[in-house]
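Visitor: Sequence:
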Amino acid sequence: MDGNTPEAKLNKSDQPSPNWAWTTKLVVGLALVAIFLLLIVRFQTFLGPLITAILIAYLINPLANFATKKLKLPWRISVTVIYLLLVLVILGLMTWGGFALVEQVQNLISFIESNIHLLPDLVAEVTERTYEIGPFKFSPTGINWDDLTNELVSAIQPAIGRLGTLVGSVAAGALGIITGTILVVLISYFLLAESPGFSGQEFNPRQTSYTQDLQRINTELNRIWSAFIRSELLVVLISYVLYTISLGVMGVQFFVGLAAIAAFGQLIPYVGAWVTWISFGLVALFQTNTPFGLPAGIYTIIVLAVSMVINGIIDNIIRTKVMSSGLKVHPALVLISAIISVQLFGFIGIVIAAPIVASFKLFLIYAIKKLNDQNPFEGLEVQETVEKSKWALWLESFWQKLKTWIINLWRRLWKRPVQKAQRVESTQPDTVAEEGRD
Numbered sequence: 130m131d132g133n134t135p136e137a138k139l140n141k142s143d144q145p146s147p148n149w150a151w152t153t154k155l156v157v158g159l160a161l162v163a164i165f166l167l168l169i170v171r172f173q174t175f176l177g178p179l180i181t182a183i184l185i186a187y188l189i190n191p192l193a194n195f196a197t198k199k200l201k202l203p204w205r206i207s208v209t210v211i212y213l214l215l216v217l218v219i220l221g222l223m224t225w226g227g228f229a230l231v232e233q234v235q236n237l238i239s240f241i242e243s244n245i246h247l248l249p250d251l252v253a254e255v256t257e258r259t260y261e262i263g264p265f266k267f268s269p270t271g272i273n274w275d276d277l278t279n280e281l282v283s284a285i286q287p288a289i290g291r292l293g294t295l296v297g298s299v300a301a302g303a304l305g306i307i308t309g310t311i312l313v314v315l316i317s318y319f320l321l322a323e324s325p326g327f328s329g330q331e332f333n334p335r336q337t338s339y340t341q342d343l344q345r346i347n348t349e350l351n352r353i354w355s356a357f358i359r360s361e362l363l364v365v366l367i368s369y370v371l372y373t374i375s376l377g378v379m380g381v382q383f384f385v386g387l388a389a390i391a392a393f394g395q396l397i398p399y400v401g402a403w404v405t406w407i408s409f410g411l412v413a414l415f416q417t418n419t420p421f422g423l424p425a426g427i428y429t430i431i432v433l434a435v436s437m438v439i440n441g442i443i444d445n446i447i448r449t450k451v452m453s454s455g456l457k458v459h460p461a462l463v464l465i466s467a468i469i470s471v472q473l474f475g476f477i478g479i480v481i482a483a484p485i486v487a488s489f490k491l492f493l494i495y496a497i498k499k500l501n502d503q504n505p506f507e508g509l510e511v512q513e514t515v516e517k518s519k520w521a522l523w524l525e526s527f528w529q530k531l532k533t534w535i536i537n538l539w540r541r542l543w544k545r546p547v548q549k550a551q552r553v554e555s556t557q558p559d560t561v562a563e564e565g566r567d
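The sequence shown runs contiguously to residue 567 in the numbering used here.
Please note: incorrect hints may appear among the correct ones.
As the list claims (entries may be wrong) - Distance condition first, Cα-Cα at most 30 angstroms in a straight line; then the derived DSBU-like pairs of lysine-lysine:
#	residue 1	residue 2
1	Lys-154	Lys-490
2	Lys-499	Lys-154
3	Lys-532	Lys-154
As the list claims (entries may be wrong) - If you anchor each label on the Cβ, the simulated ranges turn out as follows:
#	residue 1	residue 2	range
4	Thr-153	Leu-363	19 to 27 angstroms
5	Gly-377	Trp-403	53 to 61 angstroms
6	Met-437	Phe-172	40 to 48 angstroms
7	Leu-159	Ile-206	41 to 49 angstroms
8	Leu-217	Asn-148	52 to 60 angstroms
9	Gln-503	Leu-462	45 to 53 angstroms
10	Phe-476	Asp-502	41 to 49 angstroms
11	Ile-497	Thr-348	16 to 24 angstroms
12	Leu-542	Ser-239	41 to 49 angstroms
13	Gly-377	Thr-209	35 to 43 angstroms
14	Phe-476	Lys-201	34 to 42 angstroms
15	Asp-502	Gln-344	18 to 26 angstroms
16	Thr-417	Thr-209	49 to 57 angstroms
17	Gln-503	Gln-344	16 to 24 angstroms
It is worth saying that the hints were derived from the structure and are not from the lab. The C-beta atom is built at its ideal place from N, Cα and C for all residues, glycine as well.
All chains should be modelled from the sequences, with the hints used to inform the complete structure.
Guide: Spelled out as structure tokens, the structure:
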């Protein structure tokens with residue numbers, strides 16, 4: 130047979146491609162890593178919007194799956210309808226409360242900045258008194274409060290000034306924010322519309338010796354990101370509602386802006402809670418009109434006590450209820466990751482700090498165990514149980530009883546008009562029959 134015939138050429142083309150040597154694989158792998166790092170450095174400003182678009186697509190993916198499976202809609206139509214509703218919600222939030230929220234945060238910062246110099250006088254007025262509790266007398270005059278408050282003012286003023294500049298730039302760049310939001314939504318839409326099953330459950334690499342490892346890593350990454358992103362955003366929303374209601378009932382000025390600060394503070398361990406309490410304390414202390422004419426010091430203590438109770442409820446009940454499984458990451462590492470991520474990805478870095486640390490921990494443990502010839506997934510099946518305190522258990526029991534009472538009350542209230550309507554319907558045939566006999 131002639132070697133130049135089409136059949137011979139076809140047989141030659143069917144021969145398998147030769148494998149690369151390990152040195153070639155090493156060079157290509159290092160080159161890909163270098164290109165990846167170069168792209169991150171070169172296009173760092175686009176990382177934040179890109180990650181935000183991916184997160185939006187990740188959050189909307191379950192809704193699109195539900196519409197496709199339950200409503201029998203095509204995938205693209207489901208995604209298009211959901212994104213149209215999302216655009217309407219965004220426009221409604223911007224026109225109804227978005228710009229008003231930014232304006233209130235600006236007024237809040239200006240209020241604190243213009244009254245921060247009064248802090249030493251207010252502290253001196255409170256600490257120079259002698260307080261009597263039964264037979265005991267207490268006077269905090271032994272502490273040098275002047276130096277302490279002056280140091281506190283000198284530390285807070287620059288931070289407040291920078292924060293005011295940041296919020297002012299956000300308000301001034303409203304057009305840029307709207308344009309960026311449209312770009313993020315479009316990227317997210319095309320990403321999800323062209324990628325059915327975006328969650329990664331259909332991840333099915335070719336059969337190799339590491340197929341099982343890749344599938345297990347994909348499962349763990351999905352668990353980490355789905356358990357955190359949706360749950361943490363739900364915690365932020367619940368926190369915002371709770372703080373808005375509680376601060377509004379207590380008559381705290383700028384309660385909408387303060388609730389937003391407290392809600393986003395839930396994303397940052399340690400620092401978020403302290404920023405929340407300092408903001409609440411300063412506004413309550415500087416506020417001129419207090420409910421029932423309470424002294425500024427007593428009013429501040431009440432506001433701080435209520436905020437600490439709410440924060441405890443969120444951490445010990447709501448967060449443990451919402452989180453299906455813990456990320457098993459130390460809060461200090463999350464704080465460090467938030468500081469680094471905000472430099473790389475912008476504000477969205479605060480949101481994804483915890484899952485980034487958990488993902489990095491997963492890969493690090495995998496690499497270390499493989500280097501020691503151990504099973505890299507040993508112990509992942511064991512779920513850590515969260516030990517709850519007694520008061521957390523009591524609050525959880527109280528919430529269950531309250532929820533049951535509300536449900537029963539709603540059923541009783543709903544049952545009455547239904548029974549009344551049924552009685553009216555049952556009397557109508559008798560009336561019609563009597564009219565027929567007449």
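Visitor: Next, verify each hint and record whether it holds.
Guide: Quick rundown of the hints versus the structure:
Proposed proximity of Lys-154 and Lys-490 is supported: the alpha carbons are some 26 angstroms apart, at most 30 angstroms. Proposed proximity of Lys-499 and Lys-154 is supported: the alpha carbons are some 19 angstroms apart, at most 30 angstroms. With a C-alpha separation of about 60 angstroms, the suggested pair Lys-532 and Lys-154 falls outside the 30 angstroms cut-off, and the hint is violated. At about 48 angstroms, the CB distance of Thr-153 to Leu-363 disagrees with the hint of 19 to 27 angstroms.
At roughly 23 angstroms, the beta carbons of Gly-377 and Trp-403 sit outside the given window of 53 to 61 angstroms. Between Met-437 and Phe-172 the C-beta distance comes to about 43 angstroms, which sits within the given range of 40 to 48 angstroms. Distance hint for Leu-159 and Ile-206: a CB-CB separation of about 45 angstroms, consistent with the stated range 41 to 49 angstroms. For the pair Leu-217 and Asn-148, the supplied restraint of 52 to 60 angstroms holds, since their beta-carbon distance comes to about 54 angstroms.
Take Gln-503 and Leu-462: their Cβ atoms lie about 23 angstroms apart, and the range 45 to 53 angstroms is violated. At about 43 angstroms, the beta-carbon gap between Phe-476 and Asp-502 stays in the expected band of 41 to 49 angstroms. For Ile-497 and Thr-348, the hinted distance range of 16 to 24 angstroms is satisfied, since their beta carbons lie about 20 angstroms from each other. In this structure, Leu-542 and Ser-239 meet the distance hint of 41 to 49 angstroms, their C-beta atoms being roughly 46 angstroms apart.
Look at Gly-377 against Thr-209: about 38 angstroms separates their beta carbons, and that is inside 35 to 43 angstroms. A beta carbon spacing of about 39 angstroms between Phe-476 and Lys-201 agrees with the range 34 to 42 angstroms that was offered as a hint. At about 21 angstroms, the beta-carbon gap between Asp-502 and Gln-344 stays in the expected band of 18 to 26 angstroms. Between Thr-417 and Thr-209 the beta carbons are some 52 angstroms apart, a value that agrees with the proposed interval 49 to 57 angstroms.
Between Gln-503 and Gln-344 the CB atoms are about 19 angstroms apart, so this pair conforms to the stated range of 16 to 24 angstroms.
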